[in-house]
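Asks: Letter by letter, the chains look like this.
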Amino acid sequence: MTARFGVLTDGRASFLLTGVRVVDPATGSDAVRDLAVLDGRIAEHGDLPSDIRRLDGDGLVVAPGFCDMHTHLREPGMEGAETVASGARAAAHGGFTTICAMPNTDPALDEVARVVWVASRGHDTSARVRVVAAATQGRAGEALTDFGELAAGGAVAFSDDGVALPTARLARSALQAIGPLGLPLIEHPEDPTLAGATLMRAGPVATRLGLAGWPPSAELVLVERDIALAEETGGRLHLTHLSTAAALDAVRRAKDRGVRVTCDVTPHHLAMNDAWVAGDRSFNWDEPRAAQSDPFGDALDPLRAFDGTCRVNPPLPSREDGLALLGGVADGTIDAIATDHAPHPPERTLVEFPDAAPGMIGLETALSLGLAAVDAGCLSLPALLAAVSSRPAALIGEERGLRPGADADLVVFDPAGRWRIERDTLASRSTNTPLLGMTLPGVVRLTVAGGRVTFDEGMGLLV
Amino acid sequence: MNAVTLAAGTWTRRHLLDVDELSRSELEATLDLAGDLRERRATGELGELERRLVGHTIGLAFYEASTRTRVSFELAARELGATVVDLSVTGSSVAKGESLVDTMLTLERTGVRTVVLRQAGAGAPYLVARSTRLRVLNAGDGAHAHPTQALLDALTLRDAMSGTLDGRTIAIVGDVAHSRVARSDLHALTRLGARVVLGGPPAWVAGFQHWPGVSVASSLRDALRGADAVMTLRVQLERAAGGGIASLREYTRSWGLDEERMSWARAGAPLLHPGPTNEGIELTAELAASERSLIGRQVTNGVAVRMAVLSLLAS
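Going down the list, the protein sequences come from chains A and B.
For the first sequence, the residue numbers in my numbering are 1 to 463.
For the second sequence, the residue numbers in my numbering are 1 to 315.
Calculated directly from the structure, the hints in this document are not laboratory data.
Small disclaimer: the values here were computed from a predicted structure and weren't measured.
We put the beta carbon where it would ideally sit given N, CA and C, even for glycine.
Be aware that one or more of the hints could be misleading.
[Said to hold, decoys possible] Taking CB as the label site, the calculated pair distances span: (1) 423/A / 24/B: 37 to 47 Å; (2) 23/B / 228/A: 18 to 28 Å; (3) 403/A / 210/B: 52 to 62 Å.
[Unchecked claim] Not close to chain B: a few residues of chain A, all C-beta gaps over 10 Å, as computed: (4) 7; (5) 8; (6) 114; (7) 143; (8) 208; (9) 213; (10) 252; (11) 298; (12) 302; (13) 347; (14) 351; (15) 355; (16) 414.
[To be verified] Non-contacting residues of chain A with respect to chain B, defined by C-beta distances greater than 12 Å in every case (computed): (17) 170; (18) 288; (19) 397.
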């Protein structure tokens, strides 16, 4: 990559961005104006020194820095796929200023010392690294971890992500224990007795491909179980990477009753669908092609069919469910877009589809997929930006907003610019995404985290 | 079809990954060629033109146990003059954990140009096709596809139906959900103009009602009613324990075929089975050995179809 990265220990930035579209979901404002940063803080115009660096913001958008609630950094244990530092660079390239490291590392993040260690690895990187601690010891689904101690050590949430807590009794205990802390239990809602051994979403494409189909009930059963437990205990429940309309409806009804439940969806579940496994590469908002209305008709494309990078948990949804999820972001039922950035080395994805490690990278393409949805009219730009910045930040106790006096925490991007996703244009150590080779809208030009420039693509602040 | 037409070739493709790639006319030309090769092989009239694979090395990479398909490919390749290397999967680098792609790249570097691949993972031939320069012939991938089996089934059926499947109804009974044979047959038979009726326990036919040209019957009698031919699939005994059916006995009671039940189909309807059969489970030994049974013809046609495919891929 030709762009430059800074780190959180660099000096504080000062600049005046002129004529930029300022979208701030925190205040609901959306206007073209100037935005000034002085010594790392949002500044009023009158306070600026005359020699402040002026940046042309014409055609660009500035928004609060993005916050990813669900990032796999692979450190410790799988540093070949990603490290805290490389994941943080990928985050900065994608406009994220905060990433939440998930605990399914090797060893799992189930002790204070490990939580503190991962967080400390982030101190001099290109993004703030928060830590989601394991909900059970060794993520074994048996004994809960010490939530209070882990929270005191900096954990912002608890999760055994990769799997749900295995029994209703354990999930109930976790939600009870978490109550006084006010932190969320992040559940990966999937019933292993229904989802186990499946390879893609059940439906006509799975029928054609001969891959064992994942029934939507696998998600709904867990979502309804956990909602009932959250309602009963009052504990905060966050359901991650929803993939079905049925589960979304369950969350919507629970929210209407006042249950303390929130949820997120990944960019790939919003954009892609089960036909991608068969090699189709049209987005949920594209007009369905013949290949989708008749998934049995055309021959499979040997270059794309059964691509291991299309294997994810939960599996890519039906197109109808993908559109329902976009509707959930648009109407606010879905609180956050979270990437589930899941780096894997080539030897785990360039293999037979059933052997592929589930998951794809997402930090660097989340904005682009979101903007493509905006361009297609599925989502407003402010709704998209709220779902990747202020709303997820609030869920983990961070503030976002472009208020004068606040630390500058922002992203500047060119919504009309396009870029090609390639090995050389990704900062992540891994490249496992079916978007490789595709050209998408949305080029991040500048990311500022806590007043420090962490990413600069041609704006001239990092030289 | 004669040798001159064969020399001209009818394909421009590098691989045979599934029959869904073949147009109706390509399918028919392949069956014509296979029929022609079958007759001349039987009468010892295969000429020099058919030895078009002299100088070619064909690798057989069977990652799953197979007798008839592997032997049939090997014979077909030898009839056409090819050198055949059998990649013994156990004891080779595969058993030492080498990836499929790395093994295939090694095969390519040794001079093999075409690989016949059987693999437990659906889609494996597509992965090899895009990751190497080998020509890939799919000999069965998971529950996804088995294109040469579909071609030999189509040839067997076409012969039994005076030359065309247009307007015919074929019943396929059994574990369709886990069957690569059934999926490729559905592509081939519907493209050749047949209608297919599926029958089997609900979990074994679920979802297939959406396949164009295919319907799902809820009883064996309904599946066979009006069928011009009947195919029953092998019950994977290890799978029967895992789900989908209550017991093998229950399966045989509801879906097992015998002479008496065959009378529910059209008079004289032939019986096919991809083999190997579980006699006493999906069909009776008497039925398998009866005059209706085309099981032996399927095996003979297998060699001819594979000769046709290998020669077309080499063209």
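Asks: Going back to the hint list, which numbers does this structure go against?
Replies: As far as the earlier hints go, 2, 8, 9, 11, 12, 13, 14, 15 are violated by this structure, in ascending order.
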